[in-house]
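Protein chains: 4
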Amino acid sequence: MAIVLGPNRYGKAETRLVRVVRDGGVHHVKDVNVSTSLSGAMSEAHLTGDNAAVLPTDTQKNTAYALAREHGVGQIEDFALLLARHFTGHDTIHHARVAVEEYGWNRIGDTGHSFARDGGEVRTCVAHHDRDGRASVVSGLTGLVVMNTTGSEFHGFLTDPYTTLEPATDRILATAVDARWRHAGTSADFAASFALVRGCLLEAFAGTHSLSLQQTLYAMGERVLAACPDICEIRLTLPNRHHFPVDLAPFGLDNENEIFYAADRPYGLIEGTVLRDDAPGAGFAWE
Amino acid sequence: MAIVLGPNRYGKAETRLVRVVRDGGVHHVKDVNVSTSLSGAMSEAHLTGDNAAVLPTDTQKNTAYALAREHGVGQIEDFALLLARHFTGHDTIHHARVAVEEYGWNRIGDTGHSFARDGGEVRTCVAHHDRDGRASVVSGLTGLVVMNTTGSEFHGFLTDPYTTLEPATDRILATAVDARWRHAGTSADFAASFALVRGCLLEAFAGTHSLSLQQTLYAMGERVLAACPDICEIRLTLPNRHHFPVDLAPFGLDNENEIFYAADRPYGLIEGTVLRDDAPGAGFAWE
Amino acid sequence: MAIVLGPNRYGKAETRLVRVVRDGGVHHVKDVNVSTSLSGAMSEAHLTGDNAAVLPTDTQKNTAYALAREHGVGQIEDFALLLARHFTGHDTIHHARVAVEEYGWNRIGDTGHSFARDGGEVRTCVAHHDRDGRASVVSGLTGLVVMNTTGSEFHGFLTDPYTTLEPATDRILATAVDARWRHAGTSADFAASFALVRGCLLEAFAGTHSLSLQQTLYAMGERVLAACPDICEIRLTLPNRHHFPVDLAPFGLDNENEIFYAADRPYGLIEGTVLRDDAPGAGFAWE
Amino acid sequence: MAIVLGPNRYGKAETRLVRVVRDGGVHHVKDVNVSTSLSGAMSEAHLTGDNAAVLPTDTQKNTAYALAREHGVGQIEDFALLLARHFTGHDTIHHARVAVEEYGWNRIGDTGHSFARDGGEVRTCVAHHDRDGRASVVSGLTGLVVMNTTGSEFHGFLTDPYTTLEPATDRILATAVDARWRHAGTSADFAASFALVRGCLLEAFAGTHSLSLQQTLYAMGERVLAACPDICEIRLTLPNRHHFPVDLAPFGLDNENEIFYAADRPYGLIEGTVLRDDAPGAGFAWE
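Chains as they are written, first to last, in UniProt numbering: chain A, 1 to 287; chain B, 1 to 287; chain C, 1 to 287; chain D, 1 to 287.
Just chain A, with the same shape it has in the complex (with noise of 0.2 Å):
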């Protein structure tokens, strides 16, 4: 028996990088959070702290900066991936990962430059690169935060002697969507992509009459593939925000499903994939 390393990584996270370009007087805004994780030959630097096959973060994080610079930042799985293949162009990093988030500006005014912070959604990525040019990206979205205040039921559940919940024919539902969704390959139209199953999402959540929160969330997942022939494979995580309906009976009031405690924690969480039954193997795509 011996004690031994196993798989390892490391990286620059969350280096915060705004690029704006000028078109004329029209400002373009591109504002994103990248992440990189490397691994490779990294025997030496955990057990000897010889250090001459490691990247250090600080150069990871000026890499993402001048590739900025020097190629642009379009969509942000493109500009992941062109990191990620960089990356692995160093003998001693077999493969790259990069993460990156996108937060969105809206402009305001008639100036051309200015601009105001799309709430709380993000827009995500995360793209591999090894050196023998195997490649994977999935895209996601998270923050997305939706509710029906009606068509959503939840009884017929399996009971035991712990099970108290009422059957429910009329609730709220709402949840924060967490979307990750896997490309077959790695030359898609992303912005258009996005576009898509961002609009299959809020469609599917909004359009299914819902007798559990599981059954929209495979609606969801479902109308994303049957619309976007590139991606192969969703994951959706759900938390089931409750929503409870406030008894107001000591008041001598009633309460038709009108007056809601929203409640923080303990919350439902929901969680599921939804693929082709053709997709190739994921690979290291979800590491």
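In case anyone wonders, no lab produced these hints; they're calculated from the structure.
All residues carry an ideal CB built from backbone N, CA and C; glycine is no exception.
Check the hints yourself; a few may be wrong.
Pulled from the structure, derived: some chain C residues nowhere near chain D, Cβ distances all over 10 Å [said to hold, decoys possible]:
1. Arg9
2. Leu47
3. Thr48
4. Gly74
5. Asp130
6. Asp132
7. Thr142
8. Glu166
9. Ala191
10. Leu211
11. Ala226
12. Arg276
13. Pro280
14. Ala282
Each pair of labels, with its calculated beta carbon distance range [claimed, not checked]:
15. Ala184/D with Thr159/A: 36 to 42 Å
16. Ala226/D with Gly25/C: 24 to 30 Å
17. Asp254/C with Gly199/A: 50 to 56 Å
18. Ala195/C with Asp118/B: 46 to 52 Å
Taking beta-carbon pairs under 7 Å as the criterion, some of the chain C residues facing chain B (in silico) [said to hold, decoys possible]:
19. Asn8
20. Asn62
21. Leu165
22. Gln215
23. Leu225
24. Gly272
25. Leu275
Please build the complex by placing chains B, C and D on the supplied structure of chain A, with the hints as guidance.
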């Protein structure tokens, strides 16, 4: 010399209340966070633990829910005033402060009952009411993040031996607007007033060629007061969310205000009040 | 009627500063967060963008670092006073407010240079100094979370039609202490004073059989003032972190104050001041 | 090609449970946060909204409270296993994952029932149990923030055209330890094991003269495995909390590693696994 009880108040903070109004198949959502604080004949409670004068914070929570059912929740200022007035109907409660935050929702799809949360911005208010009928209303917003990618300079400042900052003739100006404005009375059209103030803040931020964030702050406040006769004072807290151009010269690259590092801490913090010189006394409005 | 500039201040918030002092192989760490705010001849900056009177917030940050090197960082109150006094040496700066937070570290191992962060509690202070030599110091702590699992009651309270709370004769009392205390002067032994106050707060919280959180609050404040002649006023903010016994009767189980649900929101919020009846005026101390 | 349901699970997250045990006047507190996730015969729930196989998350919450009352809450690993085993007793539940966080409390005063929260560190575990009786336990801790003020170097690293970092022969090394370790079995003395691991992590962090954070990470993992025969694998996530010496030369001051700026973002992030070469397969332990 004696040790005595000074100013005090007690209440229920952050009662999360969602109200759904059904107009046939078209639903309307009001999503608020209510915090009530009462003060009055509280000496015995503090000194001897005699709670005869204390309205439990649990009752305050119940009251928020019940009054929402009985009277609806219109503009948050009106609901805050309603609650504050209600509480001062108790003999032992001499003063009530009610703060309400409101979270916005936008419709999605065409179901009439489906919504998505509107970002990070929050509408706020604080209303006071005392047993002598005095009342005040402060409205506000927080979390409105804005940016000008040009049109901002900073130079000609005071220097001393600890100054290393270079003058800037073209910089990014970004901030998260936290604004609160005091109404002269308590019966404004708060919906119209809020929309007008928000518009003024955005217009003045975007439209001001800024020589300092202080100048922008004043311009924002002045614009609001000029447009809103009902408002007599506005207080703005503007963090300077620094965006520093990255030095790419070591990599043989120029950087003409294209690639920025968005910093977290430290940050500038500019706070200021703009008011009418004939504004009535604020009394307890800002407490 | 005219629109005018009211009270204002500007500064650098959250300058993170760590100082290491080497006593041979034994190191000492001071980990602080410094926020400076200046006010004075700021009309032109706001009205015309003329910054001649403005000491850049970047310079304020530099000053915090330089003065830490020149004078060390002893008790945070002394360092805050040093900085505030320094800034008011500028003609255009009439008043300075300096807030400092301190994070504790405990030694680990016997290396003399190894430390672990001491939890969630933070020591705080706010010092003011103006150009006329007036000064004030408020010390404090925040994030001290405490709980009594018995010795707390709450009954005999005011009831109205919205009251459903049952009287409690034995409940958990838990809170996160946020305390700030005003010193009569500016030259106390702040280390000794802090230790004494913290001890009093804990003793009074633990030792008070509580009939309400208000009573506990007063007991905590009174204990501090009785023990610390230098302190003339203390302000306490005590959220009531509710722990509700879970109803296990549906499962055929009793629950004699054994199993609790620790709730997040809403929460009670008790705020109060305890002071000496001959306390000197607070002036700007609490601003 | 068809669209199909992939891996999925559902549960109740963050059930906050506090248990008080009374040993005469001496009370003992257990403060935990329980998250349960179940999977099994969930196709119908996703595809048709038939919930016959679904144990409501509300029931899962009730079960956590009820089993705490029936069996007590000892070591969190044992409680997690108890819950996981319980849930798999249902025919439709094939697998259960239970995560528990524990928050520490220290006694204050001599009342026997008074406590103060122990800082930011959290003890964690994740237990799995399936209907075939397979089980796994991963223990952990998070939020343990440590710092060496010397004894850390970083040089001899790979350089490329984007490298500007200067080699360091004496720097601060600070991190927030996030460690999770896998037990070979499910019946360890988890209290003793936790104390031993925590001690090893601190000793190895303090006692390692570090040439890179990777080297420190490996030393920490190796120390744990060498000391704990029951543990077969440990995973460490170590953010590099950069402390940069401030350049005081512009002010005519030297800075011999005395005054540091503690940075927020970006930060290095070092992740690694240390394991025995004969460790049994992890199965679902890390899921």
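Do the hints match the structure? See the list:
no. : hint                               : verdict
1   : Arg9                               : holds (24 Å)
2   : Leu47                              : holds (32 Å)
3   : Thr48                              : holds (30 Å)
4   : Gly74                              : holds (14 Å)
5   : Asp130                             : holds (25 Å)
6   : Asp132                             : holds (28 Å)
7   : Thr142                             : holds (13 Å)
8   : Glu166                             : holds (19 Å)
9   : Ala191                             : holds (20 Å)
10  : Leu211                             : holds (16 Å)
11  : Ala226                             : holds (17 Å)
12  : Arg276                             : holds (26 Å)
13  : Pro280                             : holds (33 Å)
14  : Ala282                             : holds (30 Å)
15  : Ala184/D with Thr159/A: 36 to 42 Å : holds (38 Å)
16  : Ala226/D with Gly25/C: 24 to 30 Å  : holds (27 Å)
17  : Asp254/C with Gly199/A: 50 to 56 Å : holds (53 Å)
18  : Ala195/C with Asp118/B: 46 to 52 Å : holds (48 Å)
19  : Asn8                               : holds (4 Å)
20  : Asn62                              : holds (4 Å)
21  : Leu165                             : holds (4 Å)
22  : Gln215                             : holds (4 Å)
23  : Leu225                             : holds (5 Å)
24  : Gly272                             : holds (4 Å)
25  : Leu275                             : holds (5 Å)
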